[in-house]
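Colleague: Here are the chains, one letter per residue:
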Amino acid sequence: HSSMSDDTSEDMVVPQLPYIIKFCKAHGVSKENEFGKGKSNDELKEMLLVANYLNIKEMLDYLTKTLANRIKNKSVEYIRKFFGIQTNFMPEEEEATRKESFD
Amino acid sequence: MSYSSLPEDVLEHVFSFVQSDKDRNVISLVCKSWYEIERWCRRRIFVGNCYAVSPRMAIRRFPEVRSVELKGKPHFADFNLVPEGWGGYVYPWIRAMAGGYPWLEELKLKRMVVTDESLELIAKSLKNFKVLVLSSCEGFSTHGLAAIAADCKNLKELDLWESDVEDPSGNWLSKFPDTCTSLVSLNIACLGSEVSFSALERLVVRCPNLRTLRLNRAVPLEKLAHLLRQAPQLVELGTGTYSADLRPDIFSNLAGAFSGCKELKSLSGFWDVVPAYLPAVYSVCSGLTTLNLSYATIQSPDLIKLVSQCPKLQCLWVLDYIEDSGLEALAATCKDLRELRVFPSEPFGDEPNVSLTEQGLVLVSEGCPKLESVLYFCRRMSNDALVTIAKNRPSMIRFRLCIIDPQTPDYLTLEPLDVGFGAIVQHCKDLRRLSLSGLLTDRVFEYIGTYAKKLEMLSVAFAGESDLGLHHVLSGCDSLRKLEIMDCPFGDKALLANAAKLETMRSLWMSSCSVSFEACKLLGQKMPRLNVEVIDESGPPDSRPELPVKKLYIYRTVTGRRIDMPGFVWNVGEDSALRLS
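So the protein lines, in turn, are chains W and E.
Each residue of the first sequence is one higher than the one before, counting from 1 in full-length UniProt numbering.
Each residue of the second sequence is one higher than the one before, counting from 1 in full-length UniProt numbering.
Warning: the hint list may mix true and false statements.
Unchecked claim - List time: in silico DSBU-like cross-link candidates among lysine-lysine, alpha-carbon distance up to 30 Å:
1) E:K108 - E:K501
2) W:K65 - E:K22
3) E:K265 - E:K370
4) E:K454 - W:K57
5) W:K99 - E:K501
6) E:K493 - E:K526
7) E:K526 - W:K72
8) E:K335 - E:K223
9) E:K454 - E:K335
10) W:K81 - E:K501
11) E:K429 - W:K74
12) E:K370 - W:K65
13) E:K32 - W:K81
14) W:K74 - E:K453
15) E:K175 - W:K74
16) E:K223 - E:K130
17) E:K550 - E:K22
18) E:K175 - E:K127
19) W:K99 - E:K391
20) E:K526 - E:K429
21) W:K99 - E:K335
22) E:K156 - E:K223
23) W:K65 - E:K429
24) W:K65 - E:K32
25) E:K501 - W:K72
26) W:K72 - E:K454
As the list claims (entries may be wrong) - Under 8 Å between C-beta atoms, here's a sample of chain E residues computed to sit facing chain W:
27) N49
28) I59
29) V205
I should point out that these hints are in silico values taken from the structure, not numbers from a laboratory.
Idealized CB from N, CA, C, for every residue including glycine.
Full structure from sequences and hints, please.
Modeller: Written as structure tokens, this is what we have:
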């Protein structure tokens, strides 16, 4: 898995493992809602990487959904900041894409 | 540690939960890798103005699309303001998609010109085609429908919502092969002439997943019971004509058939209603969430009896025969109501023919806590009523008020209705759509520009005093996408001062206003990414430059001037020469 070649991510994975084990034990609709609450973006990401690596489908579905909810109805700038992403669009490229009216 | 290092398939999984066009467009702008991932996994596109982008552009950017939604003519085409032949042809899109989207499953079109050739091309080229929605479209006949019926082996939905269909022969329904069992939704309510009832019945019988069936007027009431017994699983039903000779056996048969339909949530149709047959539907009323009585010419007492049995009603479309008394009953019974549309029974009469006033709407706004969408035709209104409505329902999202006589003042104070509409925009902070009417000065536009920050669509007629009105709207409404104006004293100044704003909007329509041809030319030259189209059926607009342009339609586009303009449409563009068609 390409993301797992990054050393630091393996170290960071461990703190979230207890939550994941707890999730697997308590897996049920009513408990699901609580796991996303209060988790920071980084924590969410760690859990996502673990769930993806361990291929835990239900957890992966749940986490990706949670992440999706956090980016709905937001601006481009917000999402970049949230994810720590620097844009690599040239201003003209971004402008051209914005002008295409698929809305 | 950055999210851009999340594996591509994980990101794609996240994106799969983000379906709104707005959000997908935002995602595609985050960075180049997100743009790439997003464009390959976008499955549906919505193009609100078919001339804003080209089909080739769409196919190139989003190669794996399965569902396309397109809109053509401007909204005011519904009021016959757009001459025939203006445009909105879907054929170029279908030709492109036949090659570029061979796996296309859904096509939804609104206010477009669709030809039989287009329908035949769909039937021939798109092997997995499942859903065809033609809403307020025209230009095709039942020959085209026959091709769809015959060749689309996996057809699930055929919806001809309010389209204008030529009907040379009635037998297209029989073209559905016996092997077609996949229909889920069939809406033929707009068809003028008879369809073969036996073909219809056979189709209904062999499609066990049929959930929506909207019949046309020609289907007699006596046959409805028979059809319902073949399809008791129906969730949405549009009756045909709702009149028959008064016979107890017909009634009991019909009532029995309805009582067998345990899943019915939506009813429509009801042409030519004979009130004595209304009780036949009573057994399903307790489960109804949508009731469209906009063709039902029944009076208030019968309407009250009906509506009072529908406590779960969420959406009601009805004629103004319901009157204030009926709306009072509605407010008392239907606590789940979200949408109300009241249409005029006699819009061209001089005098009110029914007792429907602002009071009815006030009562509904008081009694229905979830009310968020209103379309209301009436003959009088007051600022007090509007202020009350605004304070009662701050969660209002769509508010369209149509006071039938233009420039009607507050009937109590004889003042303009500025303050009333001002209260609407001030209290209803999530308002997305607004239609104004009555006597209005520039002041109402000042309120709108100041408060209506989420407003996306505004419709105005016979309002305002000067360019300042238009300027307030264009400079203040941050979310504005569509603006349509008729018969207002708005001219060049506001338009030219807010030229850049127009590129952030989908479109602007202005007819019978005070915009000069010179200003249109200036705008067209200044803004290369706008199409500035002047519509004038009496001749080239520059031959009478002293007169204001009659109709003006401005929209943003990346494809330049369109090549299908008829002789009465002029694109006043960059080269400042009139394009002769």
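Colleague: Next, verify each hint and record whether it holds.
Modeller: Do the hints match the structure? See the list:
Note on K108 (chain E) and K501 (chain E): the hinted pairing holds, with a Cα-Cα distance of about 29 Å set against a maximum of 30 Å. Taking the CA atoms of K65 (chain W) and K22 (chain E), the gap is near 18 Å; set against the 30 Å cutoff, the hint holds. The hinted pair formed by K265 (chain E) and K370 (chain E) meets the criterion: a straight-line CA distance of about 19 Å does not exceed 30 Å. With a C-alpha separation of about 38 Å, the suggested pair K454 (chain E) and K57 (chain W) falls outside the 30 Å cut-off, and the hint is violated.
The hinted pair formed by K99 (chain W) and K501 (chain E) meets the criterion: a straight-line CA distance of about 13 Å does not exceed 30 Å. A distance of roughly 14 Å separates the Cα atoms of K493 (chain E) and K526 (chain E); the hinted pair therefore holds under the 30 Å criterion. A distance of roughly 35 Å separates the Cα atoms of K526 (chain E) and K72 (chain W); the hinted pair therefore is violated under the 30 Å criterion. Restraint check: the Cα-Cα separation between K335 (chain E) and K223 (chain E) comes to about 35 Å, which exceeds 30 Å; the hinted pair is violated.
Only pairs whose Cα atoms come within 30 Å are accepted, and K454 (chain E) paired with K335 (chain E) is accepted, the gap being roughly 26 Å. Taking the CA atoms of K81 (chain W) and K501 (chain E), the gap is near 27 Å; set against the 30 Å cutoff, the hint holds. For the given pair, K429 (chain E) sits about 18 Å from K74 (chain W) by alpha-carbon distance, which is consistent with the 30 Å threshold. Under the criterion of a C-alpha separation no larger than 30 Å, the hint pairing K370 (chain E) with K65 (chain W) is consistent with the structure, at around 28 Å.
Restraint check: the Cα-Cα separation between K32 (chain E) and K81 (chain W) comes to about 16 Å, which is no more than 30 Å; the hinted pair holds. As the CA atoms of K74 (chain W) and K453 (chain E) are separated by approximately 16 Å, the hinted pair is consistent with the 30 Å bound. Between K175 (chain E) and K74 (chain W) the CA atoms are separated by roughly 48 Å; this puts the pair beyond 30 Å, and the hint is violated. At most 30 Å may separate the alpha-carbon atoms for a hinted pair to count; K223 (chain E) and K130 (chain E) meet this at roughly 29 Å.
With a C-alpha separation of about 34 Å, the suggested pairing of K550 (chain E) with K22 (chain E) is violated against the 30 Å cut-off. Of the pairs offered as hints, the one joining K175 (chain E) and K127 (chain E) holds, with about 17 Å between alpha carbons and a cut-off of 30 Å not exceeded. Restraint check: the Cα-Cα separation between K99 (chain W) and K391 (chain E) comes to about 38 Å, which exceeds 30 Å; the hinted pair is violated. With a C-alpha separation of about 34 Å, the suggested pairing of K526 (chain E) with K429 (chain E) is violated against the 30 Å cut-off.
Pair hint K99 (chain W) plus K335 (chain E) does not hold up; C-alpha atoms about 43 Å apart against a cutoff of 30 Å. Note on K156 (chain E) and K223 (chain E): the hinted pairing holds, with a Cα-Cα distance of about 24 Å set against a maximum of 30 Å. Restraint check for K65 (chain W) and K429 (chain E): satisfied, since their Cα atoms lie roughly 28 Å apart, inside the 30 Å limit. A distance of roughly 23 Å separates the Cα atoms of K65 (chain W) and K32 (chain E); the hinted pair therefore holds under the 30 Å criterion.
Restraint check for K501 (chain E) and K72 (chain W): satisfied, since their Cα atoms lie roughly 25 Å apart, inside the 30 Å limit. The straight-line distance between the Cα atoms of K72 (chain W) and K454 (chain E) is roughly 17 Å, inside the 30 Å bound, and the hint therefore holds. Below 8 Å, beta-carbon pairs count as interface contacts, and N49 (chain E) has one with chain W at about 7 Å; its hint therefore holds. Look at I59 (chain E): its Cβ only gets to about 12 Å from chain W, farther than 8 Å, so that hint breaks.
Contact between V205 (chain E) and chain W, as hinted, is not supported at the beta carbon level, the nearest pair being about 39 Å apart and thus beyond 8 Å.
Going through the hint list in order, the structure does not satisfy hints 4, 7, 8, 15, 17, 19, 20, 21, 28 and 29.
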